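**Student:** In order, the protein sequence lines correspond to chains D and G.
All the letters of the first sequence, read from the start, carry residue numbers 332 to 632 under this note's numbering.
All the letters of the second sequence, read from the start, carry residue numbers 85 to 365 under this note's numbering.
Please keep in mind that the hints were generated in silico from the structure rather than gathered at the bench.
All values derive from a computational prediction rather than experimental measurement.
There may be inaccurate statements among the hints.
[As the list claims (entries may be wrong)] Restricting the straight-line Cα-Cα distance to at most 25 Å, the calculated cross-link-like pairs of lysine to any residue (SDA-like) are: (1) Lys626/D to Leu350/G; (2) Lys360/G to Trp586/D; (3) Lys205/G to Glu233/G; (4) Lys550/D to Lys362/G.
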Amino acid sequence: MSRKVVEIAGKRLSLSNLEKDLYPSYGFTKARILEYYRRIAKFILPHLKNRALTLKRYPEGVEEDFFFEKRCPPHRPEWAKTAEIRRDDGERMTVCLVNNLETLIWVENLASLELHVPLARASSPETPDFMVFDLDPGERANILDCASVALILRDLLSGLGLKGHLKTSGKKGLHMYVPLNRKDTTFEDTKKFSKAVAGIMQKNYPDLVTARMAKEYRKSKVFINWAQNDSSKTMVCVYSLRAQEKPVVSFPLSWKELERLAGKGDPGRLRILHSEALRRAEDGGDLFREVLVKKQKLPHL
Amino acid sequence: MKSHNPNLSASKSSSGREPEMIPQGIWSGTISFSLVAIPVQLVKAVDPGRVSFRMLHRDDYSPLQRRMFCPEEERIVAPDEIVKGYEIGPGKYIVMTDEELESVTPERSRTIEIIEFIDMKDVDPIYYEHPYYLVPLKGGEKAYRLLVEVLHRTNKAGLAKFVLAEREYLVAVESREGALALITLHYSEEILPDQDILPKGGKIETEEKSRMKNVIKKMMADFRPEKYADERREKILGLLKKKIKEKALVEAPEIGEEQGEGPADLIAALEESMRKVKKNR
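Could you put together the complete structure from these sequences and hints?
**Tutor:** So this is what it looks like as structure tokens:
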């Protein structure tokens with residue numbers, strides 16, 4: 332077993348198995364995963380900050396079993412920031428807060444390739460900072476169909492004075508985030524609102540959209556998963572790697588880019604790999620920044 | 085993604101849990117006595133690895149929640165309405181607030197200060213609670229090796245008080261296989277008196293004694309713990325693995341999917357906006 336001790340911001344970390352290939356059919360070692368997260372850190376950290384991290388760990392790589400870990404592993408370094416949260420069942424649970432580079436590298440050393448976080452911060456678990464629409468293509472639908480749905484959604488919401496931001500899920504779908512950043516918005520509000528939006532979309536585009544979870548309704552359609560607007564749910568964080576065959580990233584897209592790509596008929600253009608993600612973030616900055624700061628109020632509730 | 089995904093780490097468990105993971109320190113600080121100070125990190129030496137389950141409603145697989153119920157008012161009580169009470173007699177309690185409990189919680193230790201050295205053979209194993217290892221940190225390697233060596237040669241252990249996770253432990257620091265081990269010990273008041281379980285007198289025949297000695301001799305073996313495993317755990321993990329392969333998984337229902345469309349004002353505004361969207365397309 333190989334290990335290497337590094338020091339980040341004065342904190343010592345023992346990194347293990349750096350040469351282990353965690354994306355075997357593509358060829359992407361743990362060292363390169365750590366390097367990706369080191370370079371993307373300044374973009375991803377604001378989006379992880381003070382949110383209860385769910386680790387999705389792939390100790391044997393993306394082709395083997397994974398497991399979720401909601402509790403912060405008890406063998407964490409003493410400097411790792413944590414928060415106490417109350418689960419649905421009333422039990423307390425200690426969770427990790429990834430607020431700095433050293434913690435990010437530590438969780439990545441645990442092979443937590445995917446980073447999932449809730450829509451609310453750990454200190455205000457009932458206040459979502461954004462409303463999300465998780466656009467998930469069913470069988471025989473693809474990410475281009477999601478793009479069409481996203482563009483309609485954008486226009487629909489803009490008629491109500493709301494602006495949304497888009498990212499790829501890194502798998503097959505797209506995620507639209509509507510920033511709220513208001514203390515008085517609750518999950519009850521975002522759920523009610525997003526459900527009404529999904530209902531209207533389904534009613535007006537019945538061949539393209541479904542708002543129902545059950546798989547049999549989702550064939551050839553895009554499922555608008557509004558139920559993600561819940562305190563118990565998490566979404567994959569923007570800039571997180573996904574455990575796909577290749578190291579694909581959940582990456583923000585501008586509406587312009589989506590409009591351009593939506594007509595092209597090439598779903599591959601919406602799969603953004605690690606290297607492209609780094610290049611685009613380093614050149615263009617954080618396209619998802621507004622999600623954390625823009626204040627918007629959900630009307631007509 | 086869905087929340088509450090089961091921890092199906094079941095994966096490689098028969099060969100031990102994620103063998104490639106290095107345990108990260110659960111605490112770091114220094115061991116010290118006299119003029120010696122060795123920077124170290126505390127890591128786990130054992131991991132019981134229990135398999136845990138969520139409770140689901142049999143009819144629809146909704147994960148169930150635990151709620152505190154007040155039998156007096158016949159209602160569920162919110163967490164902020166709950167206080168801790170120490171029962172001193174039937175229906176009589178002393179209430180303790182979180183602040184009061186915190187005021188007596190010791191500060192986290194920065195050092196493992198060895199108070200005295202003892203002979204490890206004097207420690208009855210009944211006092212052993214939980215084993216850990218101490219790993220040397222940068223700059224401490226030499227002093228660490230020296231302490232390991234000397235404790236090993238003399239068969240001595242350092243006794244210290246140490247606060248971990250809000251509790252103050254009595255710990256023994258000993259040499260084990262070239263490393264320092266830290267064992268939390270029970271306090272003597274935790275050890276239950278054993279007089280009551282000792283059987284009363286009665287003479288034992290020499291013949292009976294030698295017969296039993298013979299039986300034991302015949303059954304002697306080297307202690308090889310790897311021969312044994314928690315069979316129930318292994319079987320549960322095997323079963324889970326099989327069920328994952330068979331995709332025998334059930335999904336919890338989405339909450340509130342059946343409710344109405346939404347507030348009338350919102351629906352009207354959305355209809356209006358949708359009309360414009362369609363017109364412009």
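**Student:** Could you run down the list of hints and mark each one as holding or not?
**Tutor:** Going through the hints against the structure:
Between Lys626/D and Leu350/G the alpha-carbon distance is near 19 Å, which keeps this suggested pair within the 25 Å criterion. At roughly 19 Å between alpha-carbon atoms, Lys360/G and Trp586/D fall within 25 Å of each other, so this suggested pair holds. Proximity of Lys205/G to Glu233/G is assessed by CA-CA distance (about 17 Å); at most 25 Å being required, the pair is judged to hold. For the proposed pair Lys550/D and Lys362/G, the alpha carbon gap of about 24 Å is at most 25 Å, so the pair holds.
The structure is consistent with each of the numbered hints, conforming to all of them.
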